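Peer 1: So you can see what is in the structure, the chains are spelled out below.
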Amino acid sequence: MLKIKNLRASIGDKEILTGINLDVNAGEVHAIMGPNGSGKSTLASVLAGREEYKVTSGSITFLGDDLLDLSPEERAWKGLFLAFQYPVEIPGVSTTNFLKTAVNNVREHRGLEKLDAVSFLRLMREQMKLMEIDQSLVNRSLNEGFSGGEKKRNEIFQMALLDPKLAILDETDSGLDIDALKIVANGVNHLKSSDNAIIIVTHYQRLLEYIVPDFVHVLYNGQIVKSGTKELAFELEEKGYEWIREEVAGISI
Amino acid sequence: MDQGRGSWHIHINYCRERMTTIRNTNSLLHNFEVYFGEFERSLNGESQTGWHKIRKKAFQKLVETGFPDRKHEEYRYTPMTQRIEKAFQVFPDFDLQKSGDKQPDISACLPQGMKANILVFVNGNYQAHLSKCIPEDNLHIAELADAIGDQEVEKYLGESVSHTDSFALLNTAFSSNGIVLKVLRNQIIQNPVYMIHITDGSLNNRVNQPRILILFDKNSQATIAEFFFSKGDKTIFTNAFTEIRVGENATVRYIRAGLENNQALRVSNISVYQEESSTFTSVNVDLEGKLIRNNLNIIQNGRGCETHLYGFYLLTDNMHVDNHTVVDHKYPDSQSNEIYKGIMANKSTGVFNGKIYVRQDAQRTNAYQQNSNILLSNDATINTKPQLEIWADDVKCSHGCTTGQIDQEQIFYMRSRGLDEVQAKTILLHAFALDILNHINIEELRSMLDLKVIEKLNNV
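In order, the protein sequence lines correspond to chains A and B.
Numbering follows this note's numbering, in which position 96 of the first sequence is assigned residue number 96; successive positions increment by one, without gaps.
Numbering follows this note's numbering, in which position 307 of the second sequence is assigned residue number 1307; successive positions increment by one, without gaps.
Hints are supplied without guarantee of correctness; some may be wrong.
[As the list claims (entries may be wrong)] Here are the simulated EDC-like cross-link-like pairs (lysine to aspartate or glutamate), alpha carbons at most 20 Å apart as the crow flies:
#1 A/LYS151 to B/ASP1217
#2 B/LYS1425 to A/GLU28
#3 A/LYS54 to B/ASP1069
#4 A/LYS5 to A/GLU28
#5 A/LYS114 to B/ASP1420
#6 A/LYS151 to B/ASP1379
#7 B/LYS1425 to A/GLU144
#8 B/LYS1425 to A/GLU52
#9 B/LYS1425 to A/GLU74
[To be verified] So, partial list: chain B residues that the calculated Cβ filter (under 7 Å) puts toward chain A:
#10 VAL1034
#11 TYR1357
#12 GLY1404
#13 GLU1409
#14 GLN1410
#15 ARG1417
#16 GLY1418
#17 LEU1419
#18 ASP1420
#19 LEU1434
#20 ASP1435
#21 HIS1439
#22 ARG1446
[To be verified] Counterexamples of contact, computed for chain B against chain A with all Cβ distances above 12 Å:
#23 ASP1069
#24 LYS1115
#25 PRO1135
#26 GLN1151
#27 VAL1153
#28 TYR1156
#29 LYS1347
#30 ASN1378
#31 THR1384
#32 ILE1411
#33 MET1414
#34 ARG1415
#35 SER1416
#36 PHE1432
#37 ALA1433
#38 ASN1438
Rather than coming from a laboratory, the hints here were simulated on the basis of the structure.
All values derive from a computational prediction rather than experimental measurement.
Quick reminder that beta carbons are idealized off the backbone N, C-alpha and C, glycines included.
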């Protein structure tokens, strides 16, 4: 589904990703972990198409297409979804209207019929139940005045509506209390299938207790320095990232 | 050039101290002098009335003051005088001003199914035969000419001579076919009063000077809308003057919008006088025209007044819209709340100047002002200036202005959810506009303006 080959990317003059290789297949859940500043969020941003980041070399193939050739909206139409670490507030834009436009745009480009108001509301209600989203929340302006937990739940709610092939959750667990974390994890598990894949970008192992990854990768200095199974996450939780640093230093010596 | 008339000499004397005024404004003033002579002759016997004395006084004062040039503090960004001068080098025959389409099609100005009292003005003149009121609303309208014996009307007209704006004086000097609308004590007008101004711009050099006086007595209530339209694509100059007297405890909502052709020049003077415990809310929207200047002046003449001023302007091409507002708090326990927002594209220019005076007696005043602007091009300009002058010591006043571009983070967020760039931009700008348009309490008019805004946003 996703193939990243020797990806290097920078912002301004600073190179952040220094050669990433990653393969993600349908039905898999990957966790990308790493200390602050290792390049986790940069990777998520590059995948979603944030223009500030310049890809200097390497390639990304998504469902057979060169992802780097696509605009952010084309990526969304093709089935890529990024749950933002800090979802932006958009005052004056109704959550419901925005979501209807988004869902119908994506459907149109996937060759599906557009939903009329009634069908859309039905779909929305179903998914609201799943994410325990209150009607009052979707009546408000997009993310405006939402609590941190509400914003994150709203992201996964949108993921449910857009039904992506590949979802990237960028630090979705940060700032969540345990109840909100369970709701988010429950929602993600519900959406997981053999047709789609999920990349969880996180600093902590906590979310991985609820969404069990098939692979865990450790990102350090812009490279994946270690890959393993879910046990690697527990190891990182226990020992911190220091031993990775030492190991990397050892290799380079 | 004919400089032989008495009034002209006064102008010369005045201008000796300010030479620039002579150079920049004499030809326009001279044109209007000739024009005023024609106007007087057309009045026949009426020229001896008390009303005409007021007109003459206003014109005399205009001659002394002159038209504002670029050095005039209040008009430094808005070359209204120069533009009118350029467009109106030759004034048409006075009678020609009265000619033109007398039965224009107003269907485009009138939303379908709208229930309102409709007052129609063609080329600045009230047209009773085109107007239509709802009987149960019991509207009291009189043409200015018929109302002139009324002491109250004559008093207010007389007072308007003290207005300091040259264009307000010009309007008073030429006032003829205006109207007086009286809302009686305790009268609540259920349906809105919708005034349609339509100008025939198929002829060159059309000058319109509509004059409206609205008197709200104690405890009365109504919503008034004034919309400006035009037909044809020639340069028109509209010099409108609306005075609203808001009586004690009265509640007034006032909506004003400009939708004229892209050559239109317009000065709007709106003077509002609020008595004790009254509430005045205005929404001003400008979406079309070439050079527009709005002077909205609010004087709070009593305790416990409440004023809400909302404005929105969406400027494209070479449009120029200048909003000057004044809120004068003179008595205690009053409040004002002002929000003006603008979007400027292409080479357009916006001007906002918001004055708030809090006089020494106006203790416990609560005044808020905000002007927010979005510039969509490097060639677009906004000149914004909040101006607070406070003499009282126990007040809460705040003001702010922001000018920026569209937030790219918001755009990226929406694109990442499958909206294309144009959709995302339009949604953001539309939300910005709706923040003001939503204060329009007449649904049909709000949606008429909203559709126009969407149409324009799809093309910026």
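Peer 1: Could you run down the list of hints and mark each one as holding or not?
Peer 2: The hints, checked one at a time:
1. A/LYS151 to B/ASP1217: With Cα atoms ~51 Å apart, A/LYS151 and B/ASP1217 exceed 20 Å; violated.
2. B/LYS1425 to A/GLU28: violated, 36 Å
3. A/LYS54 to B/ASP1069: violated, 52 Å
4. A/LYS5 to A/GLU28: Judged against 20 Å, a Cα distance of about 18 Å means the pair holds.
5. A/LYS114 to B/ASP1420: holds, 16 Å
6. A/LYS151 to B/ASP1379: violated, 37 Å
7. B/LYS1425 to A/GLU144: It holds: about 18 Å lies between the C-alpha atoms, which stays within 20 Å.
8. B/LYS1425 to A/GLU52: Since the Cα atoms of B/LYS1425 and A/GLU52 sit roughly 18 Å apart, the hinted pair holds (cutoff 20 Å).
9. B/LYS1425 to A/GLU74: holds, 16 Å
10. VAL1034: At 51 Å from the nearest chain A Cβ, B/VAL1034 fails the 7 Å test, so the hint is violated.
11. TYR1357: violated, 31 Å
12. GLY1404: Violated. Min distance 14 Å.
13. GLU1409: holds, 5 Å
14. GLN1410: holds, 5 Å
15. ARG1417: holds, 4 Å
16. GLY1418: Cβ of B/GLY1418 sits 4 Å from chain A, so the hint holds.
17. LEU1419: holds, 6 Å
18. ASP1420: holds, 5 Å
19. LEU1434: Constraint on B/LEU1434 satisfied, holds at 6 Å.
20. ASP1435: holds, 6 Å
21. HIS1439: This interface hint is violated because 13 Å lies over the 7 Å limit.
22. ARG1446: violated, 15 Å
23. ASP1069: Per Cβ check, B/ASP1069 is outside 12 Å of chain A; nearest 40 Å; holds.
24. LYS1115: holds, 27 Å
25. PRO1135: holds, 40 Å
26. GLN1151: holds, 49 Å
27. VAL1153: holds, 43 Å
28. TYR1156: At roughly 40 Å from the nearest Cβ of chain A, B/TYR1156 sits farther out than 12 Å, so the non-interface label holds.
29. LYS1347: Per Cβ check, B/LYS1347 is outside 12 Å of chain A; nearest 27 Å; holds.
30. ASN1378: The claim holds: B/ASN1378 sits with its nearest Cβ about 19 Å from chain A, beyond 12 Å.
31. THR1384: Holds, since 21 Å exceeds 12 Å.
32. ILE1411: Non-interface label on B/ILE1411 violated, nearest chain A Cβ at 9 Å vs cutoff 12 Å.
33. MET1414: Label violated. Min Cβ-Cβ 7 Å, cutoff 12 Å.
34. ARG1415: violated, 4 Å
35. SER1416: Violated, since 5 Å does not exceed 12 Å.
36. PHE1432: violated, 7 Å
37. ALA1433: Violated, since 9 Å does not exceed 12 Å.
38. ASN1438: violated, 9 Å
Checked against the numbered hints listed earlier, the structure breaks hints 1, 2, 3, 6, 10, 11, 12, 21, 22, 32, 33, 34, 35, 36, 37 and 38; every other hint is satisfied.
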